[in-house]
Structures are given as structure tokens and as C-alpha cells.
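**Student:** Starting from the structure of chain R, add chain X where the hints point.
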Amino acid sequence: MAFDYSNAPFKIPEYKAKAHRGAWQYMAEPGSWWTGSERVAIAAASRAARDCALCAERKAALSPNAVSGVHDSAGGVLSEKVVDAVHRITTDPARLTRTWVESLIDEDPFSYGHYVEMVSLVVNLISIDTLHIALGLPLEPLPEPQPGDPDGYLPPGAAVDVAWVPMIYPENLTERESDIYFGAPQMGHVIRAMSLVPDAVRWLNNLGEAHYLPTPEVGDFSKRGRLTLSRTQTELVAARTSYYNDCFY
Amino acid sequence: MNLDAIVQGQDADSGLPGGSELARFTDAVLKNPSDLEAARAELVARLGEAEMVDAASVIGNFQRMVRIADSTGIPVDGLMAEANADVRQQLGLNELPSVRLA
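Top line first, the protein sequences correspond to chains R and X. Residue 1 is where the first sequence starts when you use the working numbering, and the numbers rise one by one after that. Residue 1001 is where the second sequence starts when you use the working numbering, and the numbers rise one by one after that.
What the hints contain is simulated information worked out from the structure, not anything from laboratory work. The reader is advised that the hints may include incorrect statements.
Covered stretches of chain R (chain X as the covering partner; in silico rule of three or more C-beta atoms under 8 angstroms from a C-beta of chain X) [stated by the list, open to error]:
no. : segment
1   : 3-12
2   : 117-123
3   : 193-207
4   : 216-229
5   : 233-244
Some but not every residue of chain R turned toward chain X, in silico, with C-beta under 10 angstroms [claimed, not checked]:
no. : residue
6   : Ala94
7   : Thr97
8   : Val101
9   : Pro138
10  : Leu139
11  : Glu140
12  : Leu213
Idealized CB from N, CA, C, for every residue including glycine.
With the rest of the complex left out, here is chain R (with noise of 0.2 angstroms):
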């Protein structure tokens, strides 16, 4: 059983070991975009830039642009832009540009719903590893990619406004995904940055919940879900991790 944590050296909750195990099945799965070998492979190119030397001699570079050269990574499936992608993003997310993203986009195909759902898998991978990391924890073993082909669903109500990908307003959403704002009128732009792939949101949420607050608490600096610590307490971790990482929002 993935996610095991009767062994660790601390108490880990269940709530928390159940979400994890939600998060590898998302991950296993065929998506949106992407097959389910593609989604593994996503992650295990995103565990590889945290060693990859390309990634370090550009982040100590004036500009990411400057360097180039060949990332070390197992990329397996994937192109390697796709591989320099999900490198960039986890590795140095805060000089990440609108020119940058629109590059990406091509007739490969890469539309922005792949983009969207490779942030995802990224973003759910990191959070997850960071977990085990601060508890000195093993990282789990990749999950076994899931056959299938993905579904290509495009939201209708998904537009581009205030970000560089499209989005839903809580108003544009139709019945398949109705339920990711959990009938909120107004919903925070972090939320709805992933809305172009619906079960991103829903992962988003999921992890959410177990790692800080269900979603509809966060607005709320009464609520504190399951945590333990207070409130305060939390948002300073919150935004001492921002600030470690040149994260203005």
C-alpha cells in the first residue's frame, strides 16, 4: 500500500496518508492531456530537476535564458520541452513569463490544457515530496502509470483574462465541473488558475484540505480545518515559504 506511514517516526493522520494515496491515483491515471505514463513521467522529471545541473547553473544565472544545454533527466516519454518545462517550473517558478508559456504552446500538440494539467502533477508532486522531505521521510515510489487515453475535455466557460491561461469564472461553470468552487460566487485566482483542467481543481482542493485548509475556509482567519497549529501560526510557515520563494502572491 503506497503511503504507508505505520512505520514513520511520527503520527501521521490518516486523513492526511488518504489524500496522498487520492494524489498517485490522480496522478496514475490518463488526464485530461496527458496519458498516464505521461503523468508519471512528468513527475519523475520534476523529482529529477532538484538534482539537475542545467536548473542550478541557470537559477544562479543573472537571466534563466542566458544558459542552455541538456537537462538531466529521465524524461522517457516526454519531449524535452516538455522536460525543460516541468524543470523551469520546479525549480525556478518566479521568472517564469507570459512570453515564456505562450512559447510553449504549439501544434505538438501542447495547448494550455496540457500546460495546466503538467502544473498540477508538478505542483501535487512537490507538495507531497516536500512533506517527507521535512519529516525525513523516503519519497514514495512513483505510482504505476494507469492504460487509457486522456479525454480532452475543454471547459466552455474556460477564458483568458487576468492570468496567462485560460480560466473559469464561478459563473461560466457547466454541470461536469460545477462542484470545483464548491458554489462559491467568487472564487480566489490561485483556485481558479487550474479551472482549465477540472480534476486539477479538485486535487488542488483535495490536497488542500489535508495539507492546510479546505478551500472555503481560506478566507476565513477563524478557521483553521484540522490543523494544530493557530491560525497565525500557520500563515506565518505560509508565508515564510512565499517569501523563500520570490512568491509575491
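**Tutor:** Leaving out everything else, chain X in the frame of chain R:
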């Protein structure tokens, strides 16, 4: 909470119980792995094991959220940008290369 603790870490008094230990643990996870074991033990001693596990979870969560924000180009939500303008100024967030205000 003293917001300087966000930027200065354990060098600033956050005013929170265990604030210094939380900052040290966060720093160890993200930037100083050689201190991780000691920082973890200190946090457990100060706040407890469940709190340390939750702090690790929150760090993991925000390693995720910052990448979503940075890779999709979302701006700070309008009302939030207005409400926290002073905080952003104090912490120097408007100087970050990734800054995007709606």
C-alpha cells in the same frame, strides 16, 4: 504577529508561541537541510509532534501554491491587493520579479 518574522525568520520575534521554532524549521526544510533534524526536534519539543507534522504539511502546501501562482501568471486578487497594500510595502513584495497586481 510581527510581520518582520516573515522576512527575517528566527532573527525577529514574531510574537507567536513557537514562532522562532516554526521559522527555523521552515528555513531548514527549504534552505538549510543540515539543520533539519535539530530544527525538527526543537519544534517538537516546543509545540508538539502533531504541530510539527502540520508545519511540514503547510510548507508542502505553499511550495505548491507559489508554483501555481508563478506558472499561470495570476495577479493578486483585487480586494486582497487593496487590503494588504501596506503589508506588501513593508515586506518588499512589490520589488519581486514575479509581482503582478490586477
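**Student:** Would you mind marking each hint as holding or not holding in the structure?
**Tutor:** Results of checking the hints against the structure:
no. : hint    : in the structure
1   : 3-12    : holds (count 3)
2   : 117-123 : holds (count 3)
3   : 193-207 : holds (count 4)
4   : 216-229 : holds (count 3)
5   : 233-244 : holds (count 12)
6   : Ala94   : 4 angstroms, holds
7   : Thr97   : 8 angstroms, holds
8   : Val101  : 7 angstroms, holds
9   : Pro138  : 14 angstroms, violated
10  : Leu139  : 12 angstroms, violated
11  : Glu140  : 13 angstroms, violated
12  : Leu213  : 9 angstroms, holds
Of the hints listed earlier, those the structure fails to meet are numbers 9, 10 and 11, in rising order.
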